[in-house]
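Peer 1: Chains as they are written, first to last, in this note's numbering: chain S, 8 to 179; chain W, 8 to 179; chain U, 8 to 179.
Among the hints, erroneous ones may be present.
No copy labels: a pair is met if it fits in one copy or bridges any two.
Stated by the list, open to error - In silico BS3-like cross-links for lysine-lysine, where the CA-CA straight-line distance does not exceed 30 Å: (1) K178 x K32; (2) K102 x K32; (3) K75 x K51; (4) K178 x K10; (5) K51 x K102; (6) K154 x K178; (7) K102 x K178; (8) K10 x K75; (9) K75 x K32; (10) K75 x K178; (11) K32 x K51; (12) K75 x K102; (13) K154 x K75.
Rather than coming from a laboratory, the hints here were simulated on the basis of the structure.
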Amino acid sequence: MSKITLVTGGTRSGKSRCALNEALKYENRVFLATASVCDKEMKKRVDAHQAERGNSFTTIEEPIDLAKALGNLPANTDVVLLDCLTVWQGNLLYKYNDEFCDFREISELLDVLRAPPTNIILVTNEIGSGVVPENAMARAFRDMAGKTNQLVAEIADTVILVVSGIPVVIKG
Amino acid sequence: MSKITLVTGGTRSGKSRCALNEALKYENRVFLATASVCDKEMKKRVDAHQAERGNSFTTIEEPIDLAKALGNLPANTDVVLLDCLTVWQGNLLYKYNDEFCDFREISELLDVLRAPPTNIILVTNEIGSGVVPENAMARAFRDMAGKTNQLVAEIADTVILVVSGIPVVIKG
Amino acid sequence: MSKITLVTGGTRSGKSRCALNEALKYENRVFLATASVCDKEMKKRVDAHQAERGNSFTTIEEPIDLAKALGNLPANTDVVLLDCLTVWQGNLLYKYNDEFCDFREISELLDVLRAPPTNIILVTNEIGSGVVPENAMARAFRDMAGKTNQLVAEIADTVILVVSGIPVVIKG
């Protein structure tokens, strides 16, 4: 029986490392990277995460169509580490430039999670605990990200909130 | 014995739905709405919350004087769902335009909560976990909202933190 | 055996008061203040915290070199309340104006915490749960602060997350 795990937390809370530790419990591992490396700052961050993972994952890069990527995994994959839902939704917003944020890619991912092909660990970001952003697009993004977190957490078997590197299991 | 419950969480964390589920445990329900519907974005949000509640609540709208509204409830009210403290404090700040934020409406609400006329469930927002805002009024608002959350939580019998739709009971 | 406690939470979450309550369990107390009082708003905040502490602490002010301050404590100190890591890192960033944030003061503090001269309670701030700041320096600060929180939490015997004034022990 495949298991869905959601790891959430603020920026630099240690959520990627926590998710990595969860993934290392399995044998054949895929890392599904959503980040488009578009600037130096992002490259530094992605490189640091890659160094942490070492060579123990097959890496697949897919910034938009996660459902498709999850439908085309290498045979014998035991676990997928998907990092992260927030960057992915930023990619969707940037691609479609649509404040309604009603993207088919999101509902397709939820469909895959409801009948997962393998164990999936998803990393996401808490972004709704600051003051209201002045920018309308930032508010729309914050709403979409929060709503998706709720929908994924509802499907997930386990939800872990990471605070200062400490994993706190809040579901499962 | 009337009970006070505080439900807190980030934007789109699922806190309104969690509070709604708590309220549905009672019979005669009042929804005390603090939102002034002043723009399309807010209207969309309010409409979505109303659709979720259906017709199972008597709705009272009061953007400023919550103590007064709580003193004039319909007879036989079993529970009040007050949504939300953060929007309300924004209304106070907008009305008085005073950075000291020492509003009598807040101390009057706290007095009511200390001797509540019925069960009250209050929804509030975590807004203090982002970087320091550059705008002084936003900082004053953040301070007021955080302080009020502490004071209400101290009085409350139960405090629930909602993360990605998952209720985490942190008091009671 | 000296004990390290980390108290974290959002702005106005009640974390300083929680740390104060922890410190009051000990006899000879030192308050290690990192805040440079540089404006009226900060002065008001520092004064409020001082009024809360009363005269029950020896106060040491050190905005930069915390390792040195911890190496020169009064004899018989039973506990140091260090408030707070986030303001301190803001001081470092302001002093060196260096986005790489690889400050020797941070690694020196970590060394002291690994072999502490006395019980130490550290206050810090969750700042990574809002939307991504538009300002590059704010992003660098947020990354540094989050990373330091992780490193201190790893060393700490006890980590407490404060939400609306409620202490939630997440480690220890």
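Peer 1: Give a verdict on every hint.
Peer 2: Okay, the hints, checked on the actual structure:
1. When the C-alpha separation of K178 and K32 is checked against a cutoff of 30 Å, the pair qualifies both within a copy, at 19 Å, and between copies, at 22 Å.
2. Taking the closest pair of Cα atoms, K102 and K32 never come within 30 Å of each other, the shortest separation being 35 Å inside a single copy and 44 Å across copies.
3. For the homomeric pair K75 and K51, the shortest alpha-carbon distance inside one copy (28 Å) is at most 30 Å, but the shortest distance between copies (32 Å) is not.
4. In this assembly of identical chains, K178 and K10 lie within 30 Å of each other by CA distance both inside one copy and across copies; the values are 13 Å within and 26 Å between.
5. Proximity of K51 and K102 under a CA criterion of 30 Å is satisfied in both settings, with 23 Å inside one chain copy and 24 Å between copies.
6. In this homomeric assembly, K154 and K178 come within 30 Å of each other (Cα to Cα) both inside a single copy, at 17 Å, and across copies, at 25 Å.
7. In this assembly of identical chains, K102 and K178 lie within 30 Å of each other by CA distance neither inside one copy nor across copies; the values are 33 Å within and 41 Å between.
8. For a Cα distance limit of 30 Å, the shortest separation of K10 from K75 inside one copy, 19 Å, qualifies, whereas the shortest one across copies, 49 Å, does not.
9. Within a single copy, K75 and K32 get their C-alpha atoms as close as 25 Å, which meets the 30 Å cut-off; across copies the closest is 42 Å, which misses it.
10. Taking the shortest Cα distances, K75 and K178 sit within 30 Å of each other inside one copy (28 Å), while across copies they are farther apart (39 Å).
11. In this homomeric assembly, K32 and K51 come within 30 Å of each other (Cα to Cα) only inside a single copy, at 27 Å, whereas the closest approach across copies is 44 Å.
12. In the homo-oligomer, the alpha carbons of K75 and K102 lie at most 30 Å apart inside one protomer (17 Å), although the nearest pairing across protomers, at 49 Å, exceeds that limit.
13. In this assembly of identical chains, the alpha carbons of K154 and K75 lie at most 30 Å apart only when taken from the same copy (22 Å versus 34 Å across copies).
When held up to the earlier numbered hints, the structure conflicts with 2, 7 and fits the remainder.
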